[in-house]
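Going line by line, the protein sequences match chains A and B. Residue 707 in the numbering used here sits at position 74 of the first sequence, and the numbers go up by one each step. Residue 833 in the numbering used here sits at position 200 of the second sequence, and the numbers go up by one each step.
Keep in mind the hints are simulated off the structure, nothing from the lab. One or more of the hints may lead you astray.
One copy or two, either will do: identical chains are not told apart, so a pair holds if it fits within one copy or between any two.
Said to hold, decoys possible - Pairs of lysine to aspartate or glutamate residues, derived as DMTMM-like cross-links and limited to a Cα-Cα distance of at most 20 Å, are as follows:
#1 Lys739 x Glu707
#2 Lys832 x Asp751
#3 Lys648 x Asp674
#4 Lys756 x Glu797
#5 Lys655 x Glu812
#6 Lys655 x Glu712
#7 Lys635 x Asp656
#8 Lys636 x Asp656
Keep in mind that this is a model prediction, so the values were computed, not measured.
2 protein chains.
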Amino acid sequence: MKKALVIGGSGTLGKAIVAKLKDFPVEVITAGRKSGDYQVDMTSTDSITALFESVGSIDYVIVAAGQTHYAKLEELTPEDNMISVHGKLLGQVNIVLIGQHYVNDKGSFTLVSGIIKDHPIVKGASSAMVNGAIDSFAKAAAYELPRGIRLNSVSPNLFEESAEKYKGVFIGFNPVPVERVANTFIQSALGIETAQNFKVY
Amino acid sequence: MKKALVIGGSGTLGKAIVAKLKDFPVEVITAGRKSGDYQVDMTSTDSITALFESVGSIDYVIVAAGQTHYAKLEELTPEDNMISVHGKLLGQVNIVLIGQHYVNDKGSFTLVSGIIKDHPIVKGASSAMVNGAIDSFAKAAAYELPRGIRLNSVSPNLFEESAEKYKGVFIGFNPVPVERVANTFIQSALGIETAQNFKVY
C-alpha cells in the first residue's frame, strides 16, 4: 500500500487532508511540531532529515504547515520577515530538497502557498512573498525531479471554517470549505499532474 | 530635479538603465558592491541603511542586482539555496523595507525578478523561487506603501547581449535587447503604475 506523509496533519487543513485520504487505499502518516506520528521542526534541516530517516519508505509528501509573519509594511522589519522565510518558505523548500532523496519512484510532493499572493491584504506582504516563492519553486523544481516524482503547490483561499475569525482581514473574500482545499491536495498528491500551482479560490 | 538611485548600476542591465535615464531630467546616482557612487552590500541590512543615510533625498530606487545560485535540483542543498535567498530575495526586499522610510513622496521602487519563474530551466529552481517571491512581494507591498510611493518588479528575458554565453542554458529562449529591458525599468520607475510585474519577454 502507498504511504502518504502529511506534515502539519493536526491543523485545520491537515486534519481535513487526513480525513479525505481515508477514502483512498493509502496509509497515512502524520508529522507536526508537537503532535502527529512524528515530530518535525520545519525550520531545521537536521530535523527534516531525521523525519525522512525515521519515516522510511514514503510515496506522497503533503505539507499543510507553515508560519508567516503579518505586519503593516511600515512596521515590517527585515528580522520579522525572516519568520516567514524560515517558517513557510525554506521549511517547505527544504522538505523537497532533502526529501527528493527519500521519496519512492512515482511519488509526489504537494506544498501550500496561499491566495494573498494574488489578492493582497493589509499586513500580508511577507506572506505574499513566501507564497509566490513556493509557487515558482514548485513549478521550476518539478521538471528536475527524478524517477517520476511529481511536485505541485496548492494555493487556498480563506477557509469557511476561519472566515468569522478573519472577517476584518480578508475583506470581501469568498471563503471556501476546507474540505474542498483538502480535495485539491489529494488531486495533486495522488493524481498525474506536475509543475502546477492549483488554486482553490 | 528628481533623483534616481540605481543599485547594481555597473552591470549589463544597470549600465543600460543608467544610459537610458540620461534621456530624462533626472539626476542619476549609482551604487554597487565595489563600483558606483556608493558601495552597498545588499546582504547586509546595516549596509542598506547606511546607503540610504548617505544618499539622502531620493525619488526613484531601481535595483538591477542580485545573485542567485544555479545547481541541478538533486545537488541543490539548503545551504546553497541561501545564496539566492540572501543575494537576490532579501537584498531587494530589505531595500524596500528600509528604503520606504527614506524615499520622497511620490517616489518609486523597481525590483528585478526574471523569466525563469515562468519558463524554468535546468538548474534554475533556486532562481525561480526568488523571482516568484520578488514578483509577489512587489505586488502585495505596493498597496501598503505610504505617501504615493509606488513599487513594481520587472521580469526580464535573457538579454541579447548574453545570449551567446548562455545558449546552452536558455534553450530556445528569444532573447531581448537589454535596452528594451532598461526601458521598462524607466516605465516602472518614472511612470504611474504600481503593484505591477512587468514582463519583458
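Evaluated hints:
1. Lys739 x Glu707: Classified as between; 16 Å across copies, 45 Å inside a copy.
2. Lys832 x Asp751: both (10 Å within a copy, 17 Å between copies)
3. Lys648 x Asp674: within (18 Å within a copy, 44 Å between copies)
4. Lys756 x Glu797: For Lys756 and Glu797, the Cα distance is within 20 Å only inside one copy (18 Å; across copies 44 Å).
5. Lys655 x Glu812: within (13 Å within a copy, 56 Å between copies)
6. Lys655 x Glu712: neither (41 Å within a copy, 37 Å between copies)
7. Lys635 x Asp656: Cα proximity of Lys635 and Asp656: one copy only (13 Å, versus 63 Å across).
8. Lys636 x Asp656: within (14 Å within a copy, 62 Å between copies)
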